[in-house]
Every structure is written in C-alpha cells, then in structure tokens.
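*Asks:* Chains as they are written, first to last, in our numbering: chain X, 1 to 190; chain E, 1 to 190.
These are calculated hints, taken from the structure and not from any lab test.
Mixed in with the good hints there might be a few duds.
Identical chains blur together in the list; that is why a pair holds if it fits in one copy or across any two.
Below 20 Å or equal to it, Euclidean Cα-Cα: the simulated SDA-like pairs (lysine to any residue) are [unchecked claim]: (1) LYS71 to VAL55; (2) LYS71 to PRO58; (3) LYS71 to GLN148; (4) LYS131 to GLU111; (5) LYS64 to GLN51; (6) LYS45 to TYR70; (7) LYS157 to PHE78; (8) LYS46 to HIS108; (9) LYS45 to GLU93; (10) LYS71 to PRO49; (11) LYS71 to ALA59; (12) LYS157 to ALA59; (13) LYS71 to GLN152; (14) LYS62 to HIS106; (15) LYS172 to TYR69; (16) LYS45 to HIS132; (17) LYS130 to HIS151; (18) LYS64 to SER149; (19) LYS46 to LEU107; (20) LYS62 to SER74; (21) LYS62 to GLU111; (22) LYS62 to GLY120; (23) LYS62 to PRO73; (24) LYS71 to ARG60.
Quick caveat, the model's predicted, so the values are computed rather than measured.
There are 2 protein chains.
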Amino acid sequence: MIKYPIKRKAPEKQTNYANLGMTLETDIIATNAYYLANHIAVIHKKPTPIQVVNVSYPARNKAKITEAYYKTPSTTDFNGLYKGRYIDFDAKETNSETSMPLKNVHLHQMEHLRNVHEHGGIAFLIVHFKKHNEYFVLPFSLLEEYWQSQHQANGRKSIPYEVFRERAYPLKFAFNPRLDYLSVVERFLF
Amino acid sequence: MIKYPIKRKAPEKQTNYANLGMTLETDIIATNAYYLANHIAVIHKKPTPIQVVNVSYPARNKAKITEAYYKTPSTTDFNGLYKGRYIDFDAKETNSETSMPLKNVHLHQMEHLRNVHEHGGIAFLIVHFKKHNEYFVLPFSLLEEYWQSQHQANGRKSIPYEVFRERAYPLKFAFNPRLDYLSVVERFLF
C-alpha cells in the first residue's frame with residue numbers, strides 16, 4: 001500500500017455563519033449568485049434608486065456625490081431569466097405572526113407585477129414570516145385576490161398566515177442555495 | 001346654425017422638442033413608456049448603481065445621503081418582458097464615423113449579455129452613430145463575433161460602421177415611439 005503523506009487541509013474561506021439568514025435580501029442575493037454560477041438562472045437585484053442632487057469632483061475621475069436621496073422604487077427589486085422565462089419578484093419580511101399587511105406592497109410594485117403577469121412573465125413575492133421563521137412563495141394571482149378584495153366592504157388589509165399555509169408555497173431555508181425559490185417556481189408556477 | 005362661442009384652446013402641455021433625440025437613453029426611456037402605456041411590453045431602465053458611504057438624518061423620515069460614489073454596473077441598463085420573452089440590452093453612443101469601439105462595452109456587460117443569450121433571452125445593443133445620426137440594433141451574436149476576434153492576431157478593437165450597415169438592423173427615429181426597437185426585435189431576433 002502506498003502511504004500518502006498526511007495532508008493538512010487548506011484553511012477554508014471564512015464564512016460568517018452569523019450572517020446566514022440575517023436578511024431576506026441577502027439570502028436571495030446569495031441564492032441568485034448560486035444560480036448564476038451553476039448556470040441555472042440569470043437573476044439580479046436592481047440597484048436602489050437614488051436621486052442625486054449634488055456631485056463634487058475632489059479628485060480626478062472620481063465623482064463624489066454629496067447630496068442625494070432615496071427614491072421609492074417604481075418596480076420590484078428582482079428580475080431575470082430562468083429557462084427562457086421572465087421572472088419578477090419582490091421580497092417582503094413581516095414581524096406579524098398572523099398575517100402579511102398589504103401595505104408592505106407599494107402600489108407601483110403591484111401595478112408592475114400585474115403588468116408582468118399580463119405579459120406572460122412569472123410574478124410573485126417571497127415572504128418571510130420572521131416570528132415563524134417560515135418562507136413562502138406567494139404567486140401574483142393569490143396576492144391579486146387579496147389586493148382587490150381589500151377595497152370591498154369588510155375587505156381585509158392583510159393576507160392571513162393561514163392562507164399562506166394553505167394556498168401559498170413553502171420555501172425551505174437551506175445551506176446552498178439558501179432559498180431555492182426556483183424549484184418552487186418550476187413546480188407550481190411554470 | 002348654432003353659433004358656438006369662440007373657444008380658446010387650452011394651452012397644451014409644453015413639450016420641449018429640443019430634447020427630442022437629445023440622448024439615446026432619454027429616447028429609449030420614452031419609447032419604453034410608450035410600450036408600457038400601450039400594453040406592448042414591460043421594459044425598464046435599472047437605477048444607476050451607487051455606493052452609499054454616509055447618510056445623515058436632518059429631518060424626520062428623510063434620510064439624506066451625504067457621501068456616495070457611482071459604481072460600475074454589473075449588468076446592462078435595460079431589461080424586461082415582451083410577448084412572454086425576456087429582453088435585455090444596453091444603449092451605446094459613439095462619436096466615431098467609422099466604427100463602434102469595443103471598449104464601449106464593459107466586460108461585465110458582455111458576460112451578462114452572454115448569460116442572457118445562453119439562457120434563452122433576447123440580448124442586443126442599441127447603437128447610435130451620432131455623426132451619421134443613425135441607429136442600429138446589434139444582436140448579441142454579431143457583437144460576440146467581434147468581441148472574440150479582438151483577442152486574435154490582428155483582431156480589430158471595434159466593429160466597423162460598414163458591418164452595422166450590412167449585418168446589424170437599422171432602427172428609425174420617429175415621433176412616437178421614438179425608437180421602435182421592438183419592431184426590429186420582433187422581425188429579426190424573435
């Protein structure tokens with residue numbers, strides 16, 4: 001038998017596990033990086049829209065923005081391409097145990113998701129119930145149902161947690177990818 | 001005959017025609033607004049990515065960014081959905097009469113367009129030759145051909161204007177929509 005020399009493992013790249021699951025957005029960005037690296041999908045977060053008011057040029061070729069403000073996004077945060085299909089979604093976290101308030105979704109975002117849906121794209125929300133530590137894919141059609149009924153007499157201003165349990169699609173948190181939402185999309189929304 | 005009172009026309013909303021065709025980006029944004037309003041497509045410009053370093057809170061609920069810098073975009077400026085298909089492109093202007101320099105396309109943008117192409121999306125550039133005042137839709141495949149050959153011996157670092165005339169697709173500037181690039185996409189890239 002050949003005696004192999006004892007080989008010390010190279011130190012692994014430090015991973016800060018404390019950050020795992022820290023924010024939904026971070027987890028989705030990490031998931032998208034996994035999808036891209038593994039040739040599964042091309043999905044990116046859009047930059048945060050910022051209104052620039054003043055720029056100075058303290059050094060050559062390096063513009064310094066000295067006054068700017070956050071703008072309300074006119075669309076959703078995430079979009080891209082999966083198996084030739086257009087994907088569009090936003091991520092929402094709620095501290096409520098019992099429901100997701102509809103005011104978490106801006107009117108512009110709702111209109112955008114509706115447009116996407118009508119033009120043949122796949123539109124949804126990824127919702128994190130922090131108190132339950134549960135994640136769901138909420139298809140646009142179910143969101144629309146509650147959105148429309150909120151304006152009716154006795155219409156609810158939120159989607160009950162129980163409705164998520166019964167009619168939305170659960171999304172498991174895992175190591176890598178952290179939130180494999182495309183497997184859910186593939187199974188239920190494709 | 002009824003004698004109608006002379007009715008003065010309500011002053012029309014001022015349109016600054018001087019701005020028509022001012023910048024390619026503005027024209028594409030106006031075209032996209034037309035597409036959206038007419039239920040043709042859902043295509044948006046992504047916000048410019050900005051690295052925020054310092055934020056102050058001079059008034060309640062109004063964060064003021066006091067130090068920030070422009071970042072290099074990691075993808076293209078425009079993407080969206082047309083007849084169920086994923087569309088992704090960037091806009092490039094050139095002052096050259098004879099060619100579009102390939103350095104106008106960042107490496108990250110090229111990689112992104114390649115990913116889009118490979119995942120079944122429609123990837124291209126809209127190129128404006130300012131000296132000729134001519135617009136073209138340059139499909140990814142033709143861009144890729146020149147991109148790859150630039151690293152070969154005697155490889156060109158640009159795409160000749162004549163190649164645009166012969167192998168890319170002309171795009172007419174018009175009143176509304178200003179740059180109807182989707183009619184070109186529909187005809188040649190769909």
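*Asks:* If a hint holds in the structure, say so; if it doesn't, say that too.
*Replies:* Cross-check of the supplied hints:
Within a single copy, LYS71 and VAL55 get their C-alpha atoms as close as 17 Å, and across copies as close as 14 Å, so both meet the 20 Å cut-off. For the homomeric pair LYS71 and PRO58, the shortest alpha-carbon distance between copies (17 Å) is at most 20 Å, but the shortest distance inside one copy (26 Å) is not. Taking CA atoms no more than 20 Å apart as the test, LYS71 paired with GLN148 passes in neither setting, with 26 Å inside one copy and 39 Å between copies. In this homomeric assembly, LYS131 and GLU111 never come within 20 Å of each other (Cα to Cα): the closest approach is 29 Å inside a single copy and 40 Å across copies.
With identical chains, the CA atoms of LYS64 and GLN51 are at most 20 Å apart both within one copy (14 Å) and between copies (10 Å). For the identical chains of this complex, LYS45 and TYR70 are neighbours both inside a copy (16 Å) and across copies (17 Å), given an alpha-carbon limit of 20 Å. In this homomeric assembly, LYS157 and PHE78 never come within 20 Å of each other (Cα to Cα): the closest approach is 25 Å inside a single copy and 34 Å across copies. For a Cα distance limit of 20 Å, the shortest separation of LYS46 from HIS108 qualifies both inside one copy, at 15 Å, and across copies, at 15 Å.
Only within a single protomer do LYS45 and GLU93 lie at most 20 Å apart by alpha-carbon distance; the minimum there is 16 Å, versus 26 Å between protomers. With identical chains, the CA atoms of LYS71 and PRO49 are at most 20 Å apart both within one copy (5 Å) and between copies (13 Å). In this assembly of identical chains, LYS71 and ALA59 lie within 20 Å of each other by CA distance solely across copies; the values are 16 Å between and 27 Å within a copy. When the C-alpha separation of LYS157 and ALA59 is checked against a cutoff of 20 Å, the pair qualifies neither within a copy, at 51 Å, nor between copies, at 30 Å.
Taking identical chains as interchangeable, the C-alpha atoms of LYS71 and GLN152 are never at most 20 Å apart, the minima being 31 Å within one chain and 45 Å between chains. For the homomeric pair LYS62 and HIS106, the shortest alpha-carbon distance between copies (18 Å) is at most 20 Å, but the shortest distance inside one copy (35 Å) is not. With identical chains, the CA atoms of LYS172 and TYR69 are never at most 20 Å apart, being 36 Å at best within one copy and 37 Å at best between copies. In this assembly of identical chains, the alpha carbons of LYS45 and HIS132 never lie at most 20 Å apart, being 26 Å within a copy and 36 Å across copies at closest.
When the C-alpha separation of LYS130 and HIS151 is checked against a cutoff of 20 Å, the pair qualifies neither within a copy, at 27 Å, nor between copies, at 51 Å. Taking identical chains as interchangeable, the C-alpha atoms of LYS64 and SER149 are never at most 20 Å apart, the minima being 47 Å within one chain and 37 Å between chains. Taking the shortest Cα distances, LYS46 and LEU107 sit within 20 Å of each other both inside one copy (18 Å) and across copies (19 Å). Only between protomers do LYS62 and SER74 lie at most 20 Å apart by alpha-carbon distance; the minimum there is 18 Å, versus 29 Å within a single protomer.
In this assembly of identical chains, LYS62 and GLU111 lie within 20 Å of each other by CA distance neither inside one copy nor across copies; the values are 37 Å within and 25 Å between. For the identical chains of this complex, LYS62 and GLY120 are neighbours neither inside a copy (42 Å) nor across copies (37 Å), given an alpha-carbon limit of 20 Å. Taking the closest pair of Cα atoms, LYS62 and PRO73 come within 20 Å of each other only across two copies (15 Å); inside a single copy the shortest separation is 26 Å, beyond that limit. In this assembly of identical chains, LYS71 and ARG60 lie within 20 Å of each other by CA distance solely across copies; the values are 16 Å between and 28 Å within a copy.
Checked against the numbered hints given earlier, the structure breaks hints 3, 4, 7, 12, 13, 15, 16, 17, 18, 21, 22 and satisfies all the rest.
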